[in-house]
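Novice: Each chain, written out:
Number of protein chains: 2
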Amino acid sequence: MVNLSSQPLPNKAGARATRVKNVTLHRLTTVLDLRGHLIAGEFGRDIPFTPQRYFLVFNVPNSESRGEHAHLQCKQFLVALKGSINVIADDGASREEFVLNEPNIGLYLPEMTWAVQYRYVDDAVLLVFASDYYDAGDYIRDYSEFLTLIKQNQPSK
Amino acid sequence: MVNLSSQPLPNKAGARATRVKNVTLHRLTTVLDLRGHLIAGEFGRDIPFTPQRYFLVFNVPNSESRGEHAHLQCKQFLVALKGSINVIADDGASREEFVLNEPNIGLYLPEMTWAVQYRYVDDAVLLVFASDYYDAGDYIRDYSEFLTLIKQNQPSK
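Respectively, the protein sequence lines represent chains Y and L. All residue numbers for the first sequence refer to my numbering, where the first residue is 110 and numbers rise by one. All residue numbers for the second sequence refer to my numbering, where the first residue is 110 and numbers rise by one.
Everything labelled a hint here was simulated from the structure, so no lab data went into it. Check each hint, because a few of them may be wrong.
Repeated chains share a single entry, so a pair holds when one copy, or any two copies, can fit it.
Said to hold, decoys possible - Calculated pairs, EDC-like style, for lysine to aspartate or glutamate (alpha carbon to alpha carbon, straight line, at most 20 Å): (1) K191 x E211; (2) K130 x E206; (3) K121 x D241; (4) K121 x D251; (5) K191 x E173.
For clarity, every value in this text was computed on a predicted model and none was experimentally measured.
The shape of chain Y in the complex, shown without the other chains:
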């Protein structure tokens, strides 16, 4: 597994590819000023979609894993506003682990990406933007079912 410490993001705003299909790691625009600090992201530009929903996850026990599912359609963008959160992303063929530990780092997870979030430390707060409204039917909660769907969706050679 590869994490941020071995493949650092550049300090300026931008994104880099990862080992996982269409998953990208983003550095958001940051402005440091004596009057206050600012971090900004534009949807459809810095972040690959326009959200229909956001949610915050916090007060998660260190021992808990969350996520452990994929979405059929919904795209997500994850930011650790506070503390540190580990995220594993998996496209069915490649898997990479990320440490989100700065509020100007975001991880883009397209649809059909298996993801697990765990090790919420230092009172971690996770901000998630989602491309779609909540829909229980959009979740794939079984990893073997996820792999089957990935195979079905691959173009035949």
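Please build the complex by placing chain L on the supplied structure of chain Y, with the hints as guidance.
Specialist: Here is chain L on its own, set in the frame of chain Y:
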């Protein structure tokens, strides 16, 4: 001025009108669970628009005021993720002060609303959703100009 302590929001998700034209105060959906807490908002449903941009403001000295402008077109939705922030909203005829001090309270500021944010305490972190991309030409930074524009836009009787 009226603040949250005299007109509390109900504990369930929803919104209430304020004394300021089209400004609404929102309670967002909150789920408390042993596995972690969740706060969620859906754009176009709980929040009156779909954002093209978000930004975080933090490390603001307690003595600083921010905002002190209106937008010609851009709508905003403000949430204090951490700490407490006072916001004054003003439609040119009525003015109200709000204390944002819970991460599940949001304040909707439509276009043509003069707003000031101040008294960032307890390491306050402000999350703002904006309906439009950043556009320097959308700002009205002079209060008397704001009042003139408000009067021009009022339907003649």
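Novice: Can you name, in rising order, the numbers of the hints this structure does not satisfy?
Specialist: Numbers 3, 4 - these are the hints that the structure violates, sorted from lowest upward.
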